[in-house]
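Residue numbers (my numbering), protein chains in the order written: chain A, 1 to 391; chain B, 1 to 391.
It is worth saying that the hints were derived from the structure and are not from the lab. What you are looking at is a predicted structure, and each value in this text was computed from that prediction instead of being measured. The beta-carbon is built from N, C-alpha and C at its ideal position, and this holds for glycine as well. One or more hints might be untrue.
[Unchecked claim] Below are the DSSO-like pairs computed for lysine-lysine, each with C-alpha atoms no more than 27 Å apart in a straight line:
1. Lys384(B) / Lys350(A)
2. Lys98(A) / Lys87(A)
3. Lys350(B) / Lys21(A)
4. Lys21(B) / Lys337(A)
5. Lys138(B) / Lys104(B)
6. Lys261(B) / Lys384(B)
[As the list claims (entries may be wrong)] Pulled from the structure, derived: some chain A residues nowhere near chain B, Cβ distances all over 12 Å:
7. Lys3
8. Gly10
9. Gly19
10. Tyr241
11. Glu264
12. Trp307
13. Arg309
14. Glu323
15. Asp381
There are 2 protein chains.
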Amino acid sequence: MKKGIAEVPGIACGTGFGGIKRTEKKVDRPDTLVVVTDEPSNFAAVFTTNDIQAAPVKFSKSLKGKINGIVANSGNANACTGEQGLKDAEEMARIVSKLTGKEKPFLVASTGVIGEPLPMDRVKKGIEEAVKNLGKAKGEEPARAIMTTDTFPKTAFREGNGFVIGGIAKGAGMIDPSMATMLSFVATDAKVSSEMLQRALKEAVDVSFNAITVDGDMSTNDCVFILSTGKSEKIIDDSNYEEFKEVLTAVLKELAYQIVKDGEGATKVARIVVKGAKTTKQARAIARKIALSPLVKTAIFGCDPNWGRIIAAAGAASTGIEEEKVELYIGNYLLFKGKRTDFIEEEVFKYLKENDEIVIKLYLNLGNHSFEYLTCDLTYDYVKINAEYRT
Amino acid sequence: MKKGIAEVPGIACGTGFGGIKRTEKKVDRPDTLVVVTDEPSNFAAVFTTNDIQAAPVKFSKSLKGKINGIVANSGNANACTGEQGLKDAEEMARIVSKLTGKEKPFLVASTGVIGEPLPMDRVKKGIEEAVKNLGKAKGEEPARAIMTTDTFPKTAFREGNGFVIGGIAKGAGMIDPSMATMLSFVATDAKVSSEMLQRALKEAVDVSFNAITVDGDMSTNDCVFILSTGKSEKIIDDSNYEEFKEVLTAVLKELAYQIVKDGEGATKVARIVVKGAKTTKQARAIARKIALSPLVKTAIFGCDPNWGRIIAAAGAASTGIEEEKVELYIGNYLLFKGKRTDFIEEEVFKYLKENDEIVIKLYLNLGNHSFEYLTCDLTYDYVKINAEYRT
């Protein structure tokens, strides 16, 4: 069984089905998730930077101090729902507090269709069922409850020195830095102060969830939560902060990878590695520009070793790269070194054709900073999924 | 007949076929264009801001003073071609100078595949033919010589008070502000100083070619040239600058519109109008974010009145919009006013379905600045064209 957030000591998960997404198609998976901590827990959160923020984001942002868990639903994002939306988000928290009898508040998250009021009778039914099932949802089950257009549940779990970190995530489209229609809930059994949790989360998100793109869109609902149950008695302080952050980063990177792999319509994951930049900022800007380029993304889909589009996208970041110093690799093939090399197109085509994960490496030869970005190809199915989402 | 650059007094155009794009498919259009001015002319130019600049861009940027015309080819971009590329661009200018016997230099532009050396024997053949045909290429013919994935030639022509402005353009993909794989050549018979031409061109490009997007990609070859033949004896100075700029803007907007209409795979043009912004910068940033969003673009293709994606894209610009003040129209239908209105989906679907040009209007109600952007839908054919460009 794949481990996730439910395998972190001090955490109990339950899922329920309220029928929140009104659809004629029968859904075989839950739409409500409740995560409860044994004891009041420290937490940290990172939210979307979209000006338009969904009601659960506004509500969760207002929480301070300790919490007792998370309540989440899929099928309806409770976004652009005005005053009523905010009341509904508060109501979700109130219902779960009452049913679990826990003293501290709950974080709230929603994902799904924008602009429709939450069907609160169904949400309530879902939460009731989830609380009844507390402790039963293990492995991938909690992740299944927050799926929307996802085709598989996303989990990750790592052990550190005396502690563990486990998490789940959802997201397949509307994925872009500063996050997207993405939720991720992570927990650790280490004892970590809220301040340190926040710092570690921010730094880890920066190189994981904020270094992926599916379609360059950013949603109104994105959030990443981390809870510290403290069950392991392992204390994280300045002496072992780096190790903790490293394990957390590994967990988030694993989840981020799964999101790109599940990118709407995607057939391939592309790892865009920029090296030899003057600054990390430059490396990131170039990696991002390449990762977002529809011309690069369609070329990957077509297994076309179109180095010209990659170089043009890198230059479009307007960061001051120098053509004659640039080297470009696809896999281990050197395609460009100041100018086109005499690589054999057929060989690179074969590499692109035969691999689900491909690596594009750009050496700028201007300095020693680097950044890595994950993206996916742009396919007919991306258009299909999104042109027909509601029709 | 549609008028373009050839109808400006003092301009003679010729086209030729050199077979520059090596392809087995028979091409029924020219691939070389020569534009000659009777007398040495003032000119202005705006170039791509891509770090990687094609050889003809580097060459044309170096020209000062007066010029005698333009030489351009399609089928090969002469980009990422190193030292040899620069020599080839210079050689193109030299050939046309020699053949026409004109004293002032020629601007050079190329468009097509990146990274392959120019086949100079074929380029020479094309130029020779074009010079032989000088004066014969009228109306849409000059524009046909610079087409690549374009499906129709692009021309525009306007009369001002005592002068005319005519132009041609090419571009269908890799179109994004700060321009793209886009060429535009414009001429006027008014007498305008180089400084004034430059100022007018920059300002007009800003609200035309720099306010459109097809795919968010920027090429290495983009340039817009304007020549002043002075044949009309009409002098443009501070007293009539605004009128001149207005006519020029109209010409460039007409050309920009045609580029979006011809967007790779596009079935619809969408006019994104943002009003009531605190600043023009804010209005532009939001309009651009909406225009670039693949989720919005696929929704337009699907005729889906998905206001949630538009609002989310507007918010993603992170410029400080306030949800409760926002009003969103598609056509004349008010879909959102602080929250979803009770619009009838079927009606808006019908509007989207039945119109080739659709209007999306967002009122921020924060100030009195506005900006308008043109974009197109994202379709199966966009993916098809770009995934199979070289295979």
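Going through the hints against the structure:
With a CA separation close to 20 Å, the supplied pair Lys384(B) and Lys350(A) stays within the 27 Å bound. For the hint linking Lys98(A) to Lys87(A), the alpha-carbon distance of about 16 Å falls within 27 Å, and the restraint holds. In summary, the hint linking Lys350(B) to Lys21(A) is supported, as the alpha carbons are separated by about 25 Å, within the 27 Å threshold. Taken as a hint, the Lys21(B) and Lys337(A) pair is honoured in the structure, with Cα atoms around 24 Å apart against an allowance of 27 Å.
With a C-alpha separation of about 23 Å, the suggested pair Lys138(B) and Lys104(B) falls inside the 27 Å cut-off, and the hint holds. Using a Cα cut-off of 27 Å, the hinted pair Lys261(B) and Lys384(B) holds, with the two alpha carbons roughly 18 Å apart. Annotated as non-interface, Lys3(A) keeps its C-beta farther than 12 Å from every C-beta of chain B; the closest such distance is 33 Å. Remark: the non-interface label on Gly10(A) is consistent with the geometry, its nearest Cβ contact in chain B lying 35 Å away (cut-off 12 Å).
Annotated as non-interface, Gly19(A) keeps its C-beta farther than 12 Å from every C-beta of chain B; the closest such distance is 21 Å. For Tyr241(A), the condition that its CB be more than 12 Å from all CB atoms of chain B holds, with the nearest at approximately 30 Å. Listed as a non-interface residue, Glu264(A) fails to keep its Cβ farther than 12 Å from every Cβ of chain B; the least gap is roughly 9 Å. Distance to chain B contradicts Trp307(A) as a non-interface residue, since its nearest Cβ pair spans about 7 Å, not more than 12 Å.
With a closest Cβ-Cβ approach of about 8 Å to chain B, Arg309(A) is found to fall inside the 12 Å limit, against its non-interface label. Its closest Cβ contact with chain B, about 5 Å, brings Glu323(A) to no more than 12 Å, contrary to its assignment away from the interface. The claim that Asp381(A) lies off the interface is violated: its Cβ sits roughly 9 Å from the closest Cβ of chain B, which falls inside the 12 Å cut-off.
Checked against the numbered hints listed earlier, the structure breaks hints 11, 12, 13, 14, 15; every other hint is satisfied.
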